[in-house]
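K.L.:
Residue numbers (the working numbering), protein chains in the order written: chain A, 1 to 94; chain B, 1 to 429; chain C, 1 to 250.
Among the hints, a few may not be true.
Said to hold, decoys possible - 27 angstroms max Cα-Cα, derived DSSO-like pairs, lysine-lysine:
#: 1; chain 1: B; residue 1: 241; chain 2: A; residue 2: 27
#: 2; chain 1: B; residue 1: 288; chain 2: B; residue 2: 174
#: 3; chain 1: A; residue 1: 37; chain 2: A; residue 2: 25
#: 4; chain 1: B; residue 1: 120; chain 2: C; residue 2: 196
#: 5; chain 1: B; residue 1: 120; chain 2: C; residue 2: 195
#: 6; chain 1: B; residue 1: 428; chain 2: B; residue 2: 217
#: 7; chain 1: B; residue 1: 4; chain 2: C; residue 2: 195
#: 8; chain 1: A; residue 1: 27; chain 2: B; residue 2: 168
#: 9; chain 1: B; residue 1: 115; chain 2: C; residue 2: 198
#: 10; chain 1: B; residue 1: 390; chain 2: B; residue 2: 217
#: 11; chain 1: A; residue 1: 37; chain 2: A; residue 2: 8
#: 12; chain 1: C; residue 1: 240; chain 2: A; residue 2: 8
#: 13; chain 1: B; residue 1: 260; chain 2: A; residue 2: 8
#: 14; chain 1: B; residue 1: 247; chain 2: A; residue 2: 32
#: 15; chain 1: B; residue 1: 115; chain 2: C; residue 2: 196
#: 16; chain 1: B; residue 1: 174; chain 2: A; residue 2: 37
#: 17; chain 1: C; residue 1: 192; chain 2: B; residue 2: 336
#: 18; chain 1: B; residue 1: 247; chain 2: A; residue 2: 37
#: 19; chain 1: B; residue 1: 229; chain 2: B; residue 2: 64
#: 20; chain 1: C; residue 1: 195; chain 2: B; residue 2: 115
#: 21; chain 1: A; residue 1: 32; chain 2: B; residue 2: 241
#: 22; chain 1: C; residue 1: 240; chain 2: A; residue 2: 10
#: 23; chain 1: A; residue 1: 25; chain 2: B; residue 2: 241
Claimed, not checked - Here's a subset of chain A near chain C, in silico, CB distances under 10 angstroms, partners left out:
#: 24; residue: 15
#: 25; residue: 16
#: 26; residue: 17
#: 27; residue: 86
Stated by the list, open to error - What follows is a set of in silico ranges between Cβ atoms, one per label pair, in the way DEER data are often shown:
#: 28; chain 1: C; residue 1: 220; chain 2: B; residue 2: 271; range: 24 to 30 angstroms
#: 29; chain 1: B; residue 1: 176; chain 2: A; residue 2: 12; range: 32 to 38 angstroms
#: 30; chain 1: B; residue 1: 119; chain 2: C; residue 2: 135; range: 40 to 46 angstroms
#: 31; chain 1: C; residue 1: 239; chain 2: B; residue 2: 408; range: 51 to 57 angstroms
#: 32; chain 1: B; residue 1: 66; chain 2: C; residue 2: 202; range: 27 to 33 angstroms
#: 33; chain 1: C; residue 1: 168; chain 2: B; residue 2: 151; range: 45 to 51 angstroms
#: 34; chain 1: B; residue 1: 147; chain 2: C; residue 2: 135; range: 43 to 49 angstroms
#: 35; chain 1: B; residue 1: 92; chain 2: A; residue 2: 57; range: 52 to 58 angstroms
Please keep in mind that the hints were generated in silico from the structure rather than gathered at the bench.
The C-beta atom is built at its ideal place from N, Cα and C for all residues, glycine as well.
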Amino acid sequence: MSEAIGLKAKLGLDVFKHDKEAHIKIKDGMQKDPRLKRAILVCPAGLYSENEQGEVELTIDGCLECGTCLIACGTEVLEWHYPSGGTGVQFRFG
Amino acid sequence: MMEKFDAIVVGAGLAGLASAYTLANEGMEVLVLERGDYPGAKNVTGGRLYVNPVRELFPDIWKKAPLERFIASEGVCMMAGERSVSINYAGNELLEEPYQSFSILRARFDRWLAKQAERKGAMLVDKSRVDDLIFEDGKVIGVRAAGDELHANVVIACDGVLSFIAEKAGLRRKVEAPNYAVGYKEIIELDPSQIEDRFGLEGNEGSARMYMGEVTKGKFGGGFLYTNKSSISLGIVIGIKDLMEEKPSIEAPVLLDEFKQRREIAGLIKGGETVEYSAHVIPEGGYKALNKLYGDGILVAGDAAGLAMNIGVTVRGMEYALASGYYAAQTVLQAKEKEDFSAAALSHYQTQMESSFILQDFKNFQEAPQVLENPRFFNHYPEMLGNIMKDIYEVPAGSKNRLYPTIKQYMAFSELWAMLGDMRKVMKI
Amino acid sequence: MNIVVAMKQIPDLQQIRIRNREPVLDAVPLTLGNIDKNALEAAVAFKESHGGKVTVLSAGSEDLEDTIKEALAAGADEAFLVLDDELDGADSEAIAGILGAALNRIEDKDLIIFGEGSGDNYSGQVGPRVAEILGIPLVTYASSIEINDKTAKVVRSLEDCEEIIELTLPAAVSVLAGINEPRIPSVTQILKAGKKPKEILEMDDLGLALAEKQVITLSNLAPESERKQILLKSADELVKALSSQSLIGR
Chain A
1 MSEAIGLKAK LGLDVFKHDK EAHIKIKDGM QKDPRLKRAI LVCPAGLYSE
51 NEQGEVELTI DGCLECGTCL IACGTEVLEW HYPSGGTGVQ FRFG
Chain B
1 MMEKFDAIVV GAGLAGLASA YTLANEGMEV LVLERGDYPG AKNVTGGRLY
51 VNPVRELFPD IWKKAPLERF IASEGVCMMA GERSVSINYA GNELLEEPYQ
101 SFSILRARFD RWLAKQAERK GAMLVDKSRV DDLIFEDGKV IGVRAAGDEL
151 HANVVIACDG VLSFIAEKAG LRRKVEAPNY AVGYKEIIEL DPSQIEDRFG
201 LEGNEGSARM YMGEVTKGKF GGGFLYTNKS SISLGIVIGI KDLMEEKPSI
251 EAPVLLDEFK QRREIAGLIK GGETVEYSAH VIPEGGYKAL NKLYGDGILV
301 AGDAAGLAMN IGVTVRGMEY ALASGYYAAQ TVLQAKEKED FSAAALSHYQ
351 TQMESSFILQ DFKNFQEAPQ VLENPRFFNH YPEMLGNIMK DIYEVPAGSK
401 NRLYPTIKQY MAFSELWAML GDMRKVMKI
Chain C
1 MNIVVAMKQI PDLQQIRIRN REPVLDAVPL TLGNIDKNAL EAAVAFKESH
51 GGKVTVLSAG SEDLEDTIKE ALAAGADEAF LVLDDELDGA DSEAIAGILG
101 AALNRIEDKD LIIFGEGSGD NYSGQVGPRV AEILGIPLVT YASSIEINDK
151 TAKVVRSLED CEEIIELTLP AAVSVLAGIN EPRIPSVTQI LKAGKKPKEI
201 LEMDDLGLAL AEKQVITLSN LAPESERKQI LLKSADELVK ALSSQSLIGR
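Here chain A stands alone, though its shape is the one from the complex (with noise of 0.2 angstroms):
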């Protein structure tokens, strides 16, 4: 529980431009897929839990774009796309 609270302030440092859609969904029916409670252990930003029915939830803000979900669960359990142009994190150091 500390790790989260120290990872959204963490979050809270980086710029981000909000996007009309999410860019990262999980595909219907996947939600509790064993491929998909990868991201929970490999998003950076955490992004990635669990609930108490067993499925995983996404919450797309504080996405770093870093594609580790993308690699670990595949695209038969997540839709995936870069948020649309001008949107999203902006590095200020990079």
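Take the given structure of chain A and dock chains B and C to it, following the hints.
P.N.:
For chains B and C alone, coordinates are given in the frame of chain A:
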């Protein structure tokens, strides 16, 4: 009649900007499309740039390039659970110009490089995502961006490690987790004088350090630290396959937090203020995992082609990006002379890459990914080395053992046999 | 019908970070004010349905030549720029004086549209001051503009009512953000923007010198944050920590 470009470059990273700069310098009409607010807005490095391999390809840019510090001292730290052993390397050659490598921050560098390309005449449009390729008779003839159609003789896909453009052109290999790592880091701001004091640096000297072992809980990867002008880049690179396996089950962000709390690190960043958190996937499957480099009307450069390499002590990608962008541009120039942009004509790119340092490096180090996958490097050896050092330095209340038997107790026959086996594999690198 | 739209170059506010309570403006990308983009959209939409010309007018640092492309891509036909590196950060009076002088050089101007306030300072003064300098009528807080031959009908949205005002052209109007949704230009439009005509003037050309500022900002500090940043592992710990500080359970 719609305007037709000599080349459309997808992505203003190092590969894309290098090709745009080179093409514009030769008077070509080149358009760079970048989805970020500015070039560099989506780009992340560890990072250190080795200039030697690319110095002559862009002779005019290095003098004024906004690089951070030149690396004057190198360090490797084997981290065990409760102890660590470090080796630091300093050498006079590292202090001599031209300097071998520099720490770098990409948002700053890429914006600057884009300006240089624009000054040469390249057109850059940012905030613009390329959604699709346009094909005609199976040949790439342009791109679609936010409903707009733009045509070119050649499209150069420099859209990074996930290259959706190379995928749409059918040039991308099937994605397999073992071929990728994720790097993530914090930028921690500190006064330049504090950085210089803590790392024993003078003026614009910088320091680079690698950390192996406990930092990734024995998983394939390591920690890194680079000093910038007035900040420290501190982060972790870790194999995605190892990270997603549940033994041990640990979330990526936790690794970095624990790394920061290690006493080997805590003192170096004390009082610093984190100002950015970033992450990026790195292709590191090596030669065997490279994507196809060309097709009809299309070339692929940089991370998009898989051009990054982990050889244990260093992860390199930016030189390969810059150089592959340069060779892609040379190929377009040659194709333009003959007005032939077919795959056969563009195969010249492959030939140039083969004879350059790029693919020669990839061939030389093609065994590295398999050799380095060995978990003993990330778990067993750091612990063993730490324990040996502990026993060597320990002075007990009673009499102290002789040094040779102290070390020998760690070197049972089975251990020596395993070490020999690891050695034989390492010799392939 | 010729419409002039006044726009201001400002730093991208989302990119500004705070260091030692002061904004760090170094390397922050420049853009045009958000409401200014509404003003431009109103002009371009009118041009598209009724014909005419849209001129974008701006005064700022040398970077403006590049920043203004955004407006040319979004539909302005030409730009009229006054460039001086001292101009970013100049006060409303100075800017209004410059825009007024520049407008006197633009012959046909039936309507001048402003954003209600700039993206950075939001003083809302430049529009009214320019109207005064030119001696033309002005309507602020516009939420819709309907232009006829010699007149314009403007809906003025106030807190508790709406006024409908008819005024004779030439006139000035400042618009609210809600008046429209500014378009996002396509790549082709952005590329064409570079080729649209730009008239660039310096202060000397207008016979002006930047007067000493009437308003001087003495300090501009972010609120002091005294976050304690205590990490807690459970709700129990949180309760203990809060009650130990007498923040709960008194």
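K.L.:
For each hint, tell me whether it holds in the structure or not.
P.N.:
The hints, checked one at a time:
no.	hint	result
1	B:241 <-> A:27	holds (22 angstroms)
2	B:288 <-> B:174	holds (12 angstroms)
3	A:37 <-> A:25	holds (14 angstroms)
4	B:120 <-> C:196	holds (20 angstroms)
5	B:120 <-> C:195	holds (17 angstroms)
6	B:428 <-> B:217	holds (26 angstroms)
7	B:4 <-> C:195	holds (16 angstroms)
8	A:27 <-> B:168	holds (21 angstroms)
9	B:115 <-> C:198	holds (21 angstroms)
10	B:390 <-> B:217	holds (20 angstroms)
11	A:37 <-> A:8	holds (20 angstroms)
12	C:240 <-> A:8	holds (23 angstroms)
13	B:260 <-> A:8	holds (17 angstroms)
14	B:247 <-> A:32	holds (21 angstroms)
15	B:115 <-> C:196	holds (21 angstroms)
16	B:174 <-> A:37	holds (21 angstroms)
17	C:192 <-> B:336	holds (25 angstroms)
18	B:247 <-> A:37	holds (14 angstroms)
19	B:229 <-> B:64	holds (15 angstroms)
20	C:195 <-> B:115	holds (19 angstroms)
21	A:32 <-> B:241	holds (20 angstroms)
22	C:240 <-> A:10	holds (25 angstroms)
23	A:25 <-> B:241	holds (22 angstroms)
24	15	holds (5 angstroms)
25	16	holds (8 angstroms)
26	17	holds (7 angstroms)
27	86	holds (8 angstroms)
28	C:220 <-> B:271: 24 to 30 angstroms	holds (25 angstroms)
29	B:176 <-> A:12: 32 to 38 angstroms	holds (34 angstroms)
30	B:119 <-> C:135: 40 to 46 angstroms	holds (45 angstroms)
31	C:239 <-> B:408: 51 to 57 angstroms	holds (56 angstroms)
32	B:66 <-> C:202: 27 to 33 angstroms	holds (29 angstroms)
33	C:168 <-> B:151: 45 to 51 angstroms	holds (49 angstroms)
34	B:147 <-> C:135: 43 to 49 angstroms	holds (45 angstroms)
35	B:92 <-> A:57: 52 to 58 angstroms	holds (56 angstroms)
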